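Undergrad: Residue numbers (our numbering), protein chains in the order written: chain A, 1 to 370; chain S, 1 to 370; chain L, 1 to 370; chain P, 1 to 370.
Do not take every clue at face value.
Repeated chains share a single entry, so a pair holds when one copy, or any two copies, can fit it.
[Stated by the list, open to error] Here are the simulated DMTMM-like pairs of lysine to aspartate or glutamate, each with C-alpha atoms no more than 25 angstroms apart in a straight line: (1) K188 / D318; (2) K188 / D306; (3) K237 / D215; (4) K19 / D253; (5) K19 / D306; (6) K111 / D155; (7) K188 / D16; (8) K188 / D220; (9) K19 / E207; (10) K19 / E169; (11) K237 / E169; (12) K188 / D215; (13) K188 / E169; (14) K188 / D253; (15) K237 / D318; (16) K111 / D253; (17) K237 / D306; (18) K237 / D253; (19) K19 / D318; (20) K111 / E207; (21) K111 / D318.
Quick caveat, the hints were computed from the structure, so don't treat them as lab data.
The model shown is predicted, which means the values in this text are computed figures rather than measured ones.
Protein chains: 4
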Amino acid sequence: MYRTDTFRIAMAGPADMTKLTALIEDGALDPMHIAAILVKTEGNGGVNDFTREYTCATLAVTLAPYLRTTHAEVERRIAIVVSGGTEGVLSPHATLFARTPIVNRPGTASKRLAIGIAATRDFLPHEIRRAAQIEATAAAVAAAMAHAGIVRAEDVHWVQVKCPLLTAERVQAARRSGHEPVTEIAYKSMAYSRGASALGVAAALGEIPTPVAEDAVLSDWSLASAVASASAGIELKNNVVIVLGNADGVGGDCVIVHAVMQDAIDAAAVLTALRLSGAQPDAEAGARMDTSRIVQVLAKADPSPDGMLRGFRHTMLDDTDISATRHVRAAVGGMIASLIGCPAAFVSGGAEHQGPPGGGPVAVIARVSE
Amino acid sequence: MYRTDTFRIAMAGPADMTKLTALIEDGALDPMHIAAILVKTEGNGGVNDFTREYTCATLAVTLAPYLRTTHAEVERRIAIVVSGGTEGVLSPHATLFARTPIVNRPGTASKRLAIGIAATRDFLPHEIRRAAQIEATAAAVAAAMAHAGIVRAEDVHWVQVKCPLLTAERVQAARRSGHEPVTEIAYKSMAYSRGASALGVAAALGEIPTPVAEDAVLSDWSLASAVASASAGIELKNNVVIVLGNADGVGGDCVIVHAVMQDAIDAAAVLTALRLSGAQPDAEAGARMDTSRIVQVLAKADPSPDGMLRGFRHTMLDDTDISATRHVRAAVGGMIASLIGCPAAFVSGGAEHQGPPGGGPVAVIARVSE
Amino acid sequence: MYRTDTFRIAMAGPADMTKLTALIEDGALDPMHIAAILVKTEGNGGVNDFTREYTCATLAVTLAPYLRTTHAEVERRIAIVVSGGTEGVLSPHATLFARTPIVNRPGTASKRLAIGIAATRDFLPHEIRRAAQIEATAAAVAAAMAHAGIVRAEDVHWVQVKCPLLTAERVQAARRSGHEPVTEIAYKSMAYSRGASALGVAAALGEIPTPVAEDAVLSDWSLASAVASASAGIELKNNVVIVLGNADGVGGDCVIVHAVMQDAIDAAAVLTALRLSGAQPDAEAGARMDTSRIVQVLAKADPSPDGMLRGFRHTMLDDTDISATRHVRAAVGGMIASLIGCPAAFVSGGAEHQGPPGGGPVAVIARVSE
Amino acid sequence: MYRTDTFRIAMAGPADMTKLTALIEDGALDPMHIAAILVKTEGNGGVNDFTREYTCATLAVTLAPYLRTTHAEVERRIAIVVSGGTEGVLSPHATLFARTPIVNRPGTASKRLAIGIAATRDFLPHEIRRAAQIEATAAAVAAAMAHAGIVRAEDVHWVQVKCPLLTAERVQAARRSGHEPVTEIAYKSMAYSRGASALGVAAALGEIPTPVAEDAVLSDWSLASAVASASAGIELKNNVVIVLGNADGVGGDCVIVHAVMQDAIDAAAVLTALRLSGAQPDAEAGARMDTSRIVQVLAKADPSPDGMLRGFRHTMLDDTDISATRHVRAAVGGMIASLIGCPAAFVSGGAEHQGPPGGGPVAVIARVSE
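Okay, chain A solo, but in the shape it has when bound (with noise of 0.2 angstroms):
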């Protein structure tokens, strides 16, 4: 039996570890029971995004002490995810999972967050997007449940993705061991590996049938996860799982809900998962929400892929100096941001088979008001 605690960190930089340390000296955080890291960093969030990989390897040199283990181990034993891309007004910060063991069952009443983490082998560099992705994501998926008590897939409200992406080295050593990859494009591998990681969710709750034809990744968009967020980068070479939902005999003081944004303009879901979590119109702000007892907000943006939003053109497939992932997470950023009333929005981009084409997931967690 453990307990949920999540903390929200504000980060100065890439590197900024001033407030993460500062919860482990104030004894706050133990930083042995750090389960998960999700990050966002201002980098571009496209392959040469270099701040995921910097920050990673800083958070690894700062916790490695106080793990007493080495830089390698730390990523081992913690989920770490890092997302880059925090264009308009969305701002750098970090979430921290900790799963603090308790002895006694809690003496609440009610579901409350849990978190549950698993990783799938590593794949070589054909296997992205092929079945055995896909398959090896559900297995995980199945495992971080059982890790988080969770026993119904109902009550699974958000489950990260890390995935791996494919470079020139990888095709180049594919190609010598006789095995041809999905592409030999950096940028679009990132896509299918997270289509691939999305459907593997969404086989492993139930919300698609089975088996997955590997030939539907990036191609039926009827098949999508409502809760699967899934991020490619270029330091791993497995899929690393989180799941995020309430369970039974979890202590803590959060709830997690979730609803699935239709498009990127679509603010009735994000208020709608904003009521699932209890938050009540505030008299004074109008039709804002009062949001004092949100957490977090997570959530995927989309361009919507035939170019329009409802019955509007846009212009974000055709920009050749902004990419189209940059342009949309700044708008559903916003709009996010404006309705929570707070910036530090952990929003990210490529949401292939996370929700429908243009729109995606949104999950609140949220203090619970007892």
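Add chains S, L and P to chain A, keeping to what the hints say.
TA: Showing chains S, L and P alone in chain A's frame:
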């Protein structure tokens, strides 16, 4: 006496006149009565945004035969303001305002949307940001109010100003004539010109004490207008002023209201403006408003100059790859589009002295519910 | 019989026609004899580069009165190719080619710069990249050679092709008529269209075996033309072909030569072309050539697809903030401008099947020294 | 007495230390003797370029065990200068300089490449661009010359300075202590810091009269150094100075020479430096030099502030989407890489008072031919 008609039309590109000519050919819009056109184009909104002048030139070429006049005369008779930048979800579009003469006093009991236009003389390059520009703008606002039929300053809800900028060529010309312009950097001159124009509006409406010291421009941030919106462009040498407000004796079925966003995520201000316009919370969409009567929303977007937003750091001002103006337009556009359920809002950047630093005015044009 | 005259004029913006009209008003250029105009504009050279169509439209508006015809007819009678992107030191400019009829055979003993124009029929969206485009382009090259008076393929030194791209709208149209276009991504369609056009040129000039398999486009990189330069634009539906070479019986004081850059830093190839044009090393400028007789240099720029250059990694293909085409145009433009001492060179990107991967053709137009 | 060894190694990313550790493990480089490391990383070179500090931190982590010291001490003992931006063809790499003690005077008859290092005290924020920074830099240059064993100013061919910039935080600190810094804009402070540093170098070498008026910084462009290269970074508070020149009594097989580019396409200056270094025109490569003895080329790139280049307009200063520094690095990088046949040149931007406006110093390190 006149009636104000407002049309919002989508544009498939900076030169797409399809919907404009359709309105004219269908008889819905008499081209002789077009008073003003506000356009959002998909350029970058910076110094090298040529979509602005491209759209202007195409409007002139398209309307000249209908008005039986020259290209240059079209631009003199119609106040055309083109603002570049549809970052994020924003959609390129035009808002047309027509003043149709009516013989008898309209049978409306309350005030209706009124529009008036005026222009200053051409400015010499060294007059940009100086008292000459501030005072001439103030005089033009008064003239435009009279043209609109608006008597009281509190009935003015939006003052769109189109103002000139300095180019290398104009800087040279100024120096040859023995005058030093306020800056030799084109991008900087856009900010100065917008700032002086906004203070001119504020002076005209009694929002700030007069006379305004020219050194206050881009320096004394306590001075601001709650309804000014200034946009700098290379294609003109004078200030063109469009006043939008409500007036007795004007026909039509729309009114305009406004609020002031205190920062870039001030959803409460947008909701306030929506409520003032008559929109009611939509039960089905949760806290979202029923926006079916909204004709258009006009807003300014500004990155807070101190780099902070609700206690969190934003990264807009330090990004070498995306200009701060593009960042913030995407964010504010995301907020407004999500609140009104439509991405074709007029959100423009560069809000110097237009609302508080980091915030900006927002106006809503809505059909009256009677 | 005709004489070829070449003019290079600077442009202060995409719509700056000052120097063009000055040439005409001064009597230096008879507008009736303009055969082709090659322009470099300061747009981004991508899908959303509207400077291309803006310059085209402005040229049409400007020249129509001189040619006493309509805007559309100007674009039909003159081959106008506008290439976006003056990254780095490159300077926006236009190169004008006039074919002035002459009664008697010119008194020149050797071949002179010749120019010929031809156009294909409009292509249906699904014909882009397919055999139809390749073969029609080849036929147009033959027609343009005949128009130029060039008999032998080896006398052709530059073939500029302007070709269409696919937009979302065109893709829909194709699908409605039951045909699947080669891609639904506009940016990708530009590459396909350029590649097919280049192979059409290569086929016409006997550089590669015929018939060309359409699957070779963007796939078999061993196939390439040493003189093709293709540029895709949204403003047309057919291919327009401009052949530049040397021919007997043509008047004028210029010749054209070419070389092939093997990669993006192949200064030796540029120097070879300069020497072939008659330029001699300039003793005072060290190894630099005396470039006083150079009228214009035309070149293609391409980021090597394997990410390597002379054994070193380049970063152009993985940059999310600046497109590879913009990177490489800046680099090749820097090389060429520095070798000829002039930044107004015509360097365009997108060199699929135009020279070897990562390289491209370079041609020099120079006044003969006799 | 010492011997100078120079190594240029490719980097596969900002944290790639493979070739560095290989040099050490192979015995080719004694880590205890590393004096300076100059790195080009693939960041954007602007305020938000975190690759600079990432590479610094990784170098410290990597070298600390070899030097049996702390991370901080590594950065104190070795002068590490990381310059962001490998636009165009430029390739990320590091240049390592080792000073190996030798017992006897080397048996070389002529001067050899010498290197010396020095550092100023930490500056207070308000001292940036002021006399304090200029004078302390000049003193550090003298100290570094002494350290190198260089007696005469004319034997100095490159002075690399790493200098601090102002952040919002440092600006606040200055104001709290009652001092107004020269600017509150981070990007602008980089230019001021580089300019003051360059004037400090010029003063030390007798290139300009002393004392230097602090108001001359970024104002009197007639003042410049022909050998200074300054790079601003967020990671330090003092100036670190690396002097490269030739000196008697120093061992090794390299020399260094320099020339001054008058503008961004001054190939003649680069060729002059190559010839001075002993390179001869390569008969086979036309006018290109035989560059087989070239070890490294160091250069500064600058967009000419008046927007003109050899009578033609450039567009670098007015581009809202790509910063001028990135544009010009790509162009100058293309020129230099093509002239030396290698894309791993050290080309850095921001050349205030480093060569004439729009130009910059270029130095060549070459193996002597004896």
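Undergrad: Flag every earlier hint the structure violates by its number, smallest first.
TA: 9, 14, 18, 21
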